[in-house]
Amino acid sequence: MFFKNKKKEEKKELLYRENIRVNCKSASKEEVIRQVGEMLVKSGYVDEPYVDAMVEREKSFSTFMGNGLALPHGVEAAKKDIKASGIAVMTFPEGVDWEGSTVNVVIGIAGVGEEHLEILSIIAEKMLDDTVAERLAKGDVDEVYAILTGKQFGDMSRGK
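The letter at position 11 of the sequence shown is residue 11 when you use the UniProt record's numbering, and the numbering goes up by one with no holes.
It should be emphasised that the hints constitute simulated quantities derived from the structure, not laboratory data. Keep in mind it's a predicted model, so treat the numbers as computed, not measured. We put the CB at the ideal spot given by N, CA and C, even for glycine. Don't take each hint at face value.
Unchecked claim - Quick list of simulated restraints, FRET-style, between CB atoms:
hint	residue 1	residue 2	range
1	Glu31	Phe61	14 to 24 angstroms
2	Glu134	Gly113	17 to 27 angstroms
3	Thr131	Pro49	29 to 39 angstroms
4	Glu56	Ala27	16 to 26 angstroms
5	Thr131	Lys80	30 to 40 angstroms
6	Thr131	Gly95	13 to 23 angstroms
7	Lys12	Val141	14 to 24 angstroms
8	Lys80	Glu143	26 to 36 angstroms
9	Val55	Leu117	14 to 24 angstroms
Let the sequences and hints guide you as you build the complete structure.
Below, the structure is given as structure tokens:
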């Protein structure tokens, strides 16, 4: 699998299909961060205060990564509110205004320990490829899941 949850005692996957919402209607940046954060809460990755920490992080430092991608995540003080590493994805064909930049893919991140840095790095690296960025922005749930887990269509082998 592309992402592996390293926490041995925790059986959660980093991404479930239920945590992918495609073709979402544009909303404000804060509303989008809260929506993706609530997906992390409902999936048991984080406690509710982590969502507020995601909004706070955005106020002090933009999580816009370029290429139509934003990776909202909480501030360091909110680490205590993370129960397991996980991500949630929302796509916006019409885009979301991210302080003058257009975001089409929002991936909320919760990472136990240093896993958040690994998750951020892997996603950012994948998104450097314009074709991957476009496929994520325009794909259906199955395609987004396949891209982020490394399980590509027609490929029965596991990605690394």
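### Task
If any of the earlier hints don't hold here, list their numbers in rising order.
2
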